[in-house]
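J.: Each chain, letter by letter, is given below.
2 protein chains.
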Amino acid sequence: MADQKFNSIQEIGFTGLINRFDAKLSHQRDDVVCGIGDDSSVVSAADNQLFCTTSEIFLEGVHFDLTYTPFHHLGYKIVTAAVSDIYAMNAEPQQVLVDIAVPNKYSVQMMEQLYHGIEAASKDYNVQVTGGDSTASQQILAISVTATGLVDKGRVVYRSGAKKGDVICVTGDLGGALAGLRILLREKKSWKDSGEQHFQPDLEKYEYVVQRQLVPKARFDIVQAFKKADILPSSMIDITQGIVNELQFLGNQSQVGMEIYSPAVPIAYETRNVADEMQEDVDKYAFYGGEDFEMAFTLAEEQVEKLKTEFEDFSVIGKIASKDKKLTINTGEDKSIEIDIFK
Amino acid sequence: MADQKFNSIQEIGFTGLINRFDAKLSHQRDDVVCGIGDDSSVVSAADNQLFCTTSEIFLEGVHFDLTYTPFHHLGYKIVTAAVSDIYAMNAEPQQVLVDIAVPNKYSVQMMEQLYHGIEAASKDYNVQVTGGDSTASQQILAISVTATGLVDKGRVVYRSGAKKGDVICVTGDLGGALAGLRILLREKKSWKDSGEQHFQPDLEKYEYVVQRQLVPKARFDIVQAFKKADILPSSMIDITQGIVNELQFLGNQSQVGMEIYSPAVPIAYETRNVADEMQEDVDKYAFYGGEDFEMAFTLAEEQVEKLKTEFEDFSVIGKIASKDKKLTINTGEDKSIEIDIFK
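Here the protein sequences come in this chain order: V and Y. Numbering of the first sequence is given in the working numbering, commencing with residue 12 and proceeding in unit increments. Numbering of the second sequence is given in the working numbering, commencing with residue 12 and proceeding in unit increments.
Please note that the accuracy of each hint is not assured.
Since the list gives no way to pick out one identical chain from another, each pair is judged satisfied if it fits inside one copy or across any two copies.
Under the rule of at most 25 Å between Cα atoms (straight-line distance), these lysine to any residue pairs were calculated in the SDA-like manner [unchecked claim]:
1) Lys203 <-> Gln150
2) Lys200 <-> Gln150
3) Lys199 <-> Phe17
4) Lys200 <-> Ser171
5) Lys16 <-> His127
6) Lys164 <-> Asp58
7) Lys116 <-> Ile20
8) Lys164 <-> Arg40
9) Lys295 <-> Glu349
10) Lys199 <-> Gln150
11) Lys116 <-> Gly24
12) Lys164 <-> Asn59
13) Lys175 <-> Tyr219
14) Lys16 <-> Trp202
15) Lys16 <-> Ala131
16) Lys16 <-> Pro114
17) Lys295 <-> Glu344
18) Lys164 <-> Asp42
19) Lys228 <-> Ile278
Honestly, the hints are just simulated from the structure, not real lab data. In this text the structure is predicted, and so the values were computed from the model without any measurement.
All chains should be modelled from the sequences, with the hints used to inform the complete structure.
T.: Now the structure itself:
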């Protein structure tokens, strides 16, 4: 049936797998402006507009854990994840389609909670839920979310536009979602170890980071600010796999190297507290922590002040460097770490 | 966390679940022309064009069985399923996005086979693969496919347009995919019973029906024929859950009753042979068998001859009746079966 060789996907990684397919998929259409490789696909619509589409799949046990995730939070979060990719193209999301595959162990009421979260997010992001397939599943809840949006041709922002001299910026603060996950996993372990059926963890002092994990918000405000300030970032990506990974994607697509100055990477006080409590390095949270749903973008240096007149919640963390295709992290202690930007 | 009530989804069914959500989802946008309830969503694009989007999820063990499904056939079939929904709007598909969640037991080579099938289908349907998320899965292969397409405003066809007096038509023949499934399941059982590791079933005499199950084709030809003949069907739906189910959807959305004449329902010789061999009623294959990916549509009676000048592979199987909201199946033996068209 299939080839007799067996190379595990771990050997090449999931990004490697996608790159491999992208190289093999040869069938192209003239109206497709951007295919695999950015936050969403881009197809030309009439009247100088572009249509962006993105889709993601979420599996119980891999992408979410229902032990500590309320269904309505899950519903909100999957919509956030989908529209975040549309915002990352500097586009306005219009619709989401949600497919769910549900095992018997979950009730209609639980699915209603999920939809309450989806509905709440659809209001916050002004998108309409326009499709929904639902089907049976044998063991796990599986959800797929598609979002589409529109952007004027002149205002679309790809991962590929970063230029030497541009500054690298991020919105908000990083690592909070991972800090929240650490707390939730610790509480889950306590609950399992306690052997009790009901367990009410005291999460009050961790509220900020737990919220960052359970109900992250997509940064539509930065997209609005770009419009108001009449600024176009040279490249943009949403931060879902940690800033280091995202900058590698940007650097790779833009064919540039980068330097970041680690003390400039914004980290919340609450995130630092969790790292201290866990006796872990908070920089690792900020650099590699996933699911923050903040935005990373590059900008001509002279536009930083202009953006600041409309929007304050961002930090300049580095600069686009020469074409040596390295991501250099300056720690501020006379040390620097060099990471290859993969092809 | 969730409501304390537990109603199983079986009690209301998956269509019931979607209807329930549709009723609850209140957030709407002006540019969304058609949300949940048709084959795809419809959003206005500029210049009198409409943008259609559809998404589906497929799980191993529920929607496909890798014991007898080669990966490249699976790849082809999921694309067929997605574009079929776009054709069912009388639209032209442009792109597909494929997300896969892969457990360790499957190799890179197997996923390449899957993508070969996706690529083959993308050529046949002239769509570009523009997105692909890939991620880990713990036990089963899960795939989600999104397709988008474009249609002129004046040529979009919904499920809701069927009018009294229209004839009901179907393309091709029905029940073949289920007949193929019956054969494959029988061979799978023989293989398991045999206790052998390798088993080469002799499927030659069942080639037609097995192909119908494993590599169904979406009916883009009928959409092309409508255009050439300058005909607009009053309603249309692709046949994925059996013609009886699909006509219930059409009847419900159009708020009409229907009569079909069962001897007119097209059934292939090879499908009849399988039903005979299995000692089963072939009408059940044709009425309730899923995954044929044929098209059901309604048409003003006088347009039937006009369509025939461009396209021959369709049958008139019945008529739209009064508003009593029944689907009446005349068996041709002085018997008729009445099925309520659910709300």
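J.: It remains to establish, for every hint, whether it holds in the given structure.
T.: Hint check:
For the homomeric pair Lys203 and Gln150, the shortest alpha-carbon distances inside one copy (21 Å) and between copies (23 Å) are both at most 25 Å. Within a single copy, Lys200 and Gln150 get their C-alpha atoms as close as 22 Å, and across copies as close as 23 Å, so both meet the 25 Å cut-off. Taking the closest pair of Cα atoms, Lys199 and Phe17 come within 25 Å of each other only across two copies (24 Å); inside a single copy the shortest separation is 37 Å, beyond that limit. Taking CA atoms no more than 25 Å apart as the test, Lys200 paired with Ser171 passes in neither setting, with 42 Å inside one copy and 52 Å between copies.
With identical chains, the CA atoms of Lys16 and His127 are at most 25 Å apart between copies only, with a shortest distance of 16 Å across copies and 46 Å within one. In the homo-oligomer, the alpha carbons of Lys164 and Asp58 lie at most 25 Å apart both inside one protomer (9 Å) and across protomers (15 Å), since each shortest distance falls under that limit. For the homomeric pair Lys116 and Ile20, the shortest alpha-carbon distance between copies (9 Å) is at most 25 Å, but the shortest distance inside one copy (31 Å) is not. Both within a single protomer and between protomers do Lys164 and Arg40 lie at most 25 Å apart by alpha-carbon distance, with minima of 18 Å and 22 Å respectively.
In the homo-oligomer, the alpha carbons of Lys295 and Glu349 lie at most 25 Å apart inside one protomer (15 Å), although the nearest pairing across protomers, at 65 Å, exceeds that limit. When the C-alpha separation of Lys199 and Gln150 is checked against a cutoff of 25 Å, the pair qualifies both within a copy, at 21 Å, and between copies, at 23 Å. Taking the shortest Cα distances, Lys116 and Gly24 sit within 25 Å of each other only across copies (14 Å), while inside one copy they are farther apart (32 Å). Taking the shortest alpha-carbon separations for Lys164 and Asn59, both the intra-copy value of 5 Å and the inter-copy value of 18 Å come in at or below 25 Å.
For a Cα distance limit of 25 Å, the shortest separation of Lys175 from Tyr219 qualifies neither inside one copy, at 36 Å, nor across copies, at 59 Å. In this homomeric assembly, Lys16 and Trp202 come within 25 Å of each other (Cα to Cα) only across copies, at 24 Å, whereas the closest approach inside a single copy is 44 Å. When the C-alpha separation of Lys16 and Ala131 is checked against a cutoff of 25 Å, the pair qualifies only between copies, where the shortest distance is 22 Å, while the shortest distance within a copy is 47 Å. Taking identical chains as interchangeable, the C-alpha atoms of Lys16 and Pro114 lie at most 25 Å apart only when they sit on different chains, with a minimum of 17 Å there against 34 Å within one chain.
Taking the shortest Cα distances, Lys295 and Glu344 sit within 25 Å of each other inside one copy (16 Å), while across copies they are farther apart (75 Å). In the homo-oligomer, the alpha carbons of Lys164 and Asp42 lie at most 25 Å apart both inside one protomer (13 Å) and across protomers (19 Å), since each shortest distance falls under that limit. For the homomeric pair Lys228 and Ile278, the shortest alpha-carbon distance inside one copy (17 Å) is at most 25 Å, but the shortest distance between copies (53 Å) is not.
When held up to the earlier numbered hints, the structure conflicts with 4, 13 and fits the remainder.
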